[in-house]
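Assemble the complex: chain A is given as a structure, and chains B and C must be docked to it using the hints.
Chains as they are written, first to last, in the numbering used here: chain A, 54 to 389; chain B, 5 to 583; chain C, 2 to 119.
Among the hints, a few may not be true.
[To be verified] Straight-line alpha carbon distances no greater than 25 Å define the calculated DSS-like cross-link-like pairs of lysine-lysine that follow:
#  : chain 1 : residue 1 : chain 2 : residue 2
1  : B       : Lys493    : A       : Lys360
2  : B       : Lys493    : B       : Lys388
3  : A       : Lys367    : C       : Lys113
4  : B       : Lys556    : A       : Lys197
5  : C       : Lys112    : A       : Lys125
6  : A       : Lys360    : C       : Lys113
7  : C       : Lys113    : B       : Lys504
8  : B       : Lys563    : A       : Lys197
9  : B       : Lys92     : B       : Lys388
10 : A       : Lys360    : C       : Lys112
11 : A       : Lys360    : B       : Lys556
12 : B       : Lys252    : B       : Lys536
13 : B       : Lys264    : B       : Lys161
14 : A       : Lys197    : B       : Lys252
15 : A       : Lys367    : C       : Lys112
16 : A       : Lys128    : C       : Lys39
17 : B       : Lys563    : C       : Lys39
18 : B       : Lys563    : A       : Lys367
19 : A       : Lys114    : A       : Lys128
20 : B       : Lys264    : B       : Lys92
21 : C       : Lys39     : A       : Lys118
22 : A       : Lys114    : C       : Lys39
23 : A       : Lys197    : C       : Lys39
Treat the hints as calculated values from the structure; they're not laboratory data.
These are the residues of each chain, in order.
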Amino acid sequence: MEVSLWIEWVIKSLFIILLLTGGFAYTTLYERRVLARMQVRIGPNRAGPFGLLQPVADGIKLIFKEELIPEKADKLIFILAPVITVIPALIITAVVPWGESVWVFGREIKLYLADLDVGVLYLMAVTSISVYGITLAGWSSNNKYATLGGLRATAQMISYELAMGFAMLGPVLMAGSMRMIDIVNAQRSMWFILPQAIAFLIYLATSLAEINRAPFDMPEAEQELTAGYHTEYSGMKFALFFMAEYIKMIAISMIGSSLFLGGYHWPLPAHWLGGFAGPINLFGKTVIWMFFIIWVRATLPRIRYDKLMQLGWKVLFPLALLNVAVTAAVIVLVGG
Amino acid sequence: MTTSWIETQLTEYLLERFGEAVQPDSRPGYLGFLVARNKLLEVCRSLRDEFGFDYLSSVTGVDYHPEPFMEVVYHFYKSTGGSALVMKTQAPRDNPTVPSLCSLYPGADFQEREAWDLLGIRFEGHPDLRRILMWEGFAGHPLRKDWREPFFEEDAKPFKSRWPEGHFIRVEDNNPYKNNVSYPPDFDPGKWVPDKDELLYGGLQSFEEDSEIKTERIVVNLGPQHPSTHGVFRMVVLLEGERVVDLKPVMGYLHRNHEKIGERNTYLQNMPFTDRLDYICSMSNNFGYALAVEKLMGIQPPERAEYIRVMMAELTRFLNHMFSIGFLLNDLGAFFTPSLYAIEERELILDIFEEVAGSRMMCNYFRFGGVARDVPEQVLDKIKTLVHDRLPRKLDEFERYLTHNEILRSRCEGVGVLTPEQAIALSVAGPVLRASGVPYDVRRADPYSIYERLEFDVAYGIHGDIYDRYLVRIEEMRQSLRILRQVLKDIPNGPVMAGKPQFQVRVPPGEAYGRVEGPKGELGFYVVSNGKPNPWRYHVRAPSFINLTSLKTMAHGAKVADLVAILGSIDIVLGEVDR
Amino acid sequence: MASQFFPILVILALALFVGFFVVVLGTIFGPRRPTARKSSPYESGMVPYGPGTRRMSVRYYLVGVLFILFDIEVVFVLPWAVVFRELGMPGLVLMIVFLVVLEVAFVYAWKKGALEWE
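This is chain A alone, in the form it adopts within the complex (with noise of 0.2 Å):
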């Protein structure tokens, strides 16, 4: 093992981290920009130009708030279970590819971190440790109504989680491969979106209802008992709640737009501009993506908790589970 591999990976995670940190910023502050916009108002604009500045000013106010810790709350785990949430919201995206190759410094440098065989799968398994954090925060809490609203988003995530695998498994199996590379290159000719489009479908609904969003926000709604999981928090440890949350959000964006919407291939061919087409490309889709997913916040109001289970138990999975089946026996028959 070469310490230059090491080295190229050492950068390349950090690289990922800052995005995915600095993202996180400048998402809240898209957000609320187009959620002002579409609330006919402006949104903020004050703090540096076109407001650039605020989520920079956001972090400087929460890390200099008080932080309190109730008195009978378990304080170990009170402290972990934020920083349990926003692991994996991190590493998830770890597997995605964002292009072919770059040449740099005379060497080759390919453009994802993590080429795992079983990429599928182990997206499926870190969104399910994701969990933990939330049902962890709700108890360590000493709050009935916390640790109730930790279950209820433990619940909800659970339920969809099913029907995501489901989903997934639809690009997996029209590439023939768990590996992201095979599944991104295989849409080379046409969009999984197209042949596969329940599966696209189940997949933007039930990867909302994984980050906790619009509709599917029950649990942290401030109108419902008060409570959601995160109510005795306050100060960097809320924050990074609120990182994972966004974090996630460009995550399951990028992953989408790579199992469903061609990834770093179209609309510029990958190998433009010396390989940097392909990230443009994705980071196009992915910014596109959130659009959309600010766009439902700021329409729809919010399904009530036990629609939303019967949703997820009822509509989704045996729907999910039908293209699964469906997609299958058609590949089969027809061949190839």
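Then chains B and C, alone, in the frame of chain A:
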């Protein structure tokens, strides 16, 4: 015409049947009947069952110190329409007890508690007689004539320190100890824990029903610090799993003893004070108060003033319903977007109020005998553009976005149902009453001002759920626009004030109850005058306060997520609830 | 094969570092002035009434168990999804049988009301 029917036939019948117990009230300027305390329940039962007076609109108490009695005044109406039947009963002042009407009219619940709280009148047979606007443990009954507030200056305004010299002394400066605050020796404000509210929590239903899986019952506090309770309002809810078993609303966090301050003010000084009741719809509050005092004074505003009043009232109705629907959607989680679309329209109407009355929200525009100043021509043109062009278009757009949205329908249909019989018995008013299938609108049932000449329909719903209330409000907005079109077409020229404007109005002794169909329901003002420049008693029949009686009935069996939506559909404003 | 996961280890380590760094940052710079009021659990501004911990509704347990069952199903379907082209028709039929068996269990759970209320 109806009044004389009540006066003659009913008087005869009542005197015949109950003999000495029922007497017409013969004090000058007073209406209605005096009923002896021991016969009160019988008389009211016969009124409800035999005469059809099934809608008890207002219950209020009056303190007649230094005369040795207190009085409880009831206003009965028929749910089919008509004017009021006023009943009074008197009780001696040192230990006033009156039988409670809760068994006949459940809507009297909160109002009797308020009379107990503020005046000290005990109601026998009331299921839960606790203080409602003050806290348990408060000393005294604030609305009594011999109760003095801290920093009491004088009984009636204008205070000698301020008029005619114009000297203003802050109440804090009246404190003889100035800034020196000291606590009792064993009191530590950092460690003090408030009372545990045992009476409140103990009153929740606690019997265990048999069920297969015994889920635990827990008590939850929603509010006062809650983003969705439309103000500082608290609900104590007994939950079984996700379902609500029992609910008790707790109010009074915004109580300012409006009625006592109203007694200290002069009649005209009360006019801007009524703006602060339902602070979203200030023009309607002014309207009700102006009607009550004009009944006492016996004056009639000129034609142009009447048209202007109706115009302002209908514009207020439009903007209130916009606000209310916006906040209902906000409670359902639509993240403020529909609210902001609605508030944009409201801003345009508020700009008009600013041009007409000088202020956007606290308008203080009506006077006794008309309105304060005329509406200039360019403002009328602006209103015409709004009414003919922009508002109908925006209302249609609003409806297109919302009315058939699946999520809205699935969360609102069948939720928070109130049957018509329950609605009438609970004295509910306004869109909540009409959505339950009772087409009772004060503008048609007991017309005031020029509403008899105007053509409009009364919007009502059938199911009595949240969705119907939403639809009723949308339809009422359309009817308001229809009224506005007629008013704008027919408005005559002329004076806007009867007689000369006066600071000190002369109000002959008597009592009057003036009611308007406010956007939230029937807003009534009960004013008692004894000929002096200040009112003797000034009571506000607040629709939000009384509509809250129905919250428990509607919430039974609902889930917690629906509870906030149900509260939003009643459309309360805490300024009115607490006064 | 295992070497494919080394980059994951690298990013995991960095993510851990970032997480703890953020928490430490907040701990260093944030003031600390706890009072009795601030440390008590939040219930809409009122003193919470009733016992602190409560039993969990049994529905959450049900959802957890059902999730495990069907998640294993997904996990079993995944490797087949990679090689199903070589397995052809017989593989497809076998997999459909497997799915149908599990779906019978799902329909049973549905009919029994295990998926209700939540």
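Status of each hint after checking the structure:
| no. | hint | in the structure |
| --- | --- | --- |
| 1 | B/Lys493 / A/Lys360 | violated (50 Å) |
| 2 | B/Lys493 / B/Lys388 | holds (9 Å) |
| 3 | A/Lys367 / C/Lys113 | holds (13 Å) |
| 4 | B/Lys556 / A/Lys197 | holds (24 Å) |
| 5 | C/Lys112 / A/Lys125 | violated (42 Å) |
| 6 | A/Lys360 / C/Lys113 | holds (18 Å) |
| 7 | C/Lys113 / B/Lys504 | violated (79 Å) |
| 8 | B/Lys563 / A/Lys197 | holds (18 Å) |
| 9 | B/Lys92 / B/Lys388 | violated (46 Å) |
| 10 | A/Lys360 / C/Lys112 | holds (17 Å) |
| 11 | A/Lys360 / B/Lys556 | holds (24 Å) |
| 12 | B/Lys252 / B/Lys536 | violated (41 Å) |
| 13 | B/Lys264 / B/Lys161 | holds (12 Å) |
| 14 | A/Lys197 / B/Lys252 | holds (21 Å) |
| 15 | A/Lys367 / C/Lys112 | holds (11 Å) |
| 16 | A/Lys128 / C/Lys39 | holds (16 Å) |
| 17 | B/Lys563 / C/Lys39 | violated (30 Å) |
| 18 | B/Lys563 / A/Lys367 | holds (21 Å) |
| 19 | A/Lys114 / A/Lys128 | holds (24 Å) |
| 20 | B/Lys264 / B/Lys92 | holds (21 Å) |
| 21 | C/Lys39 / A/Lys118 | holds (14 Å) |
| 22 | A/Lys114 / C/Lys39 | holds (20 Å) |
| 23 | A/Lys197 / C/Lys39 | holds (17 Å) |
The structure fails to meet hints 1, 5, 7, 9, 12 and 17 from the earlier list, while all remaining hints are met.
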